[in-house]
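Undergrad: Please model the complete structure; the sequences and the hints are all you need to start from.
Keeping their order, the protein sequence lines are chains A and B.
The first sequence begins at 30 in my numbering and counts up one residue at a time.
The second sequence begins at 30 in my numbering and counts up one residue at a time.
Since the hints were made in silico from the structure, they are not lab data.
Misleading hints may appear alongside valid ones.
Note that the list lumps identical chains together, so a pair holds whenever it fits in one copy or between two copies.
As the list claims (entries may be wrong) - DSS-like mimics (lysine-lysine), calculated; alpha carbons at most 30 Å apart, straight line:
#, residue 1, residue 2
1, Lys109, Lys134
2, Lys128, Lys109
3, Lys35, Lys159
4, Lys35, Lys174
5, Lys186, Lys54
6, Lys128, Lys35
7, Lys54, Lys159
8, Lys51, Lys176
2 protein chains.
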Amino acid sequence: MDFYEKTIDSTLIYDGSFISLKVDKVLLPNGNISQRAIVLHSGAAVVVPVDDENNVIFVKQFRKPIEKVIIELPAGKLDKDENPLECAKRELEEETGYKARELIKLTEIYTTPGFSNEVIHVYLATGLYKGEAHTDADEFVEVLKIKMTDAILMVKKGEIRDAKTIIGLLLANMYLQEQGLKK
Amino acid sequence: MDFYEKTIDSTLIYDGSFISLKVDKVLLPNGNISQRAIVLHSGAAVVVPVDDENNVIFVKQFRKPIEKVIIELPAGKLDKDENPLECAKRELEEETGYKARELIKLTEIYTTPGFSNEVIHVYLATGLYKGEAHTDADEFVEVLKIKMTDAILMVKKGEIRDAKTIIGLLLANMYLQEQGLKK
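TA: Dropping the structure here:
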């Protein structure tokens, strides 16, 4: 089955520092013409920081698009040409003050392949120790620690709803269980 | 800690049928002014259809933003004023041809709270039977069946990377294991 949609024309609608928007005119497999609005994003890294007592380090922050303060794993956008692993380490320290002796890549996810090219690289961070917290000037976050088992319960109850956070937690938990590292 | 960002001004940049884009000028907790580019989305539903042999029904489709054919769970955007459960039933039948005797809500997720207000309602569908497939005229999907245990392995190996799909699978699997329904 041929699914490919050929781009006939592309118009940049908005060019921002965080996201941009283009609208592509495409040729569908059935010969019809359609439009695809596409949000361009440079990619991001998310970290599941798990300490030696099996606590997970989270951040709470206000998210304007949903007008809510929510619980998320530390994460952030890749700087220009930044390696995802370096981004993960940087965001971990900037947002939580922790550094990690070991970072393991769990997977890469497409957050919204229907309308955006965003890819998030997902890392497990263990062997945590205190670095130096220095958040961005215009970023306001609060750090909190939750037992892995309680965090999983919060996912099931819908108290944790951020997609990258749910994925990071569930995959890290499976990984740690399989490695027999759980205390 | 006060996190709230008050909207001072809002400009609609793009108004599309699938997504829209606005840029809000906001007052930060520290008194600074900043801009937030926000993608407006009406919300969606995703379904984890699991048959009596513990196979999961997926769709493969081309996603223009990432220029790839990927494996996803059946899902779609809420029609205007549509109830998420009705949307889940409709998309399940439209994309896969299946109807379900039982749909259970697993959770709601924010796919990208940093730049979009999209919420996806996640349902487990069991007691599947054949309805009538009728995809949208400009939608091209291929249906496939994968054992739940194999699908989970594909998540771990990075062969399934769509966020809503990973979350649906992992939560459905946990739910079914806890219900002792696994065959």
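Undergrad: Of all the hints numbered above, which does this structure not satisfy? Sort the numbers upward.
TA: 3, 5, 6, 7 and 8
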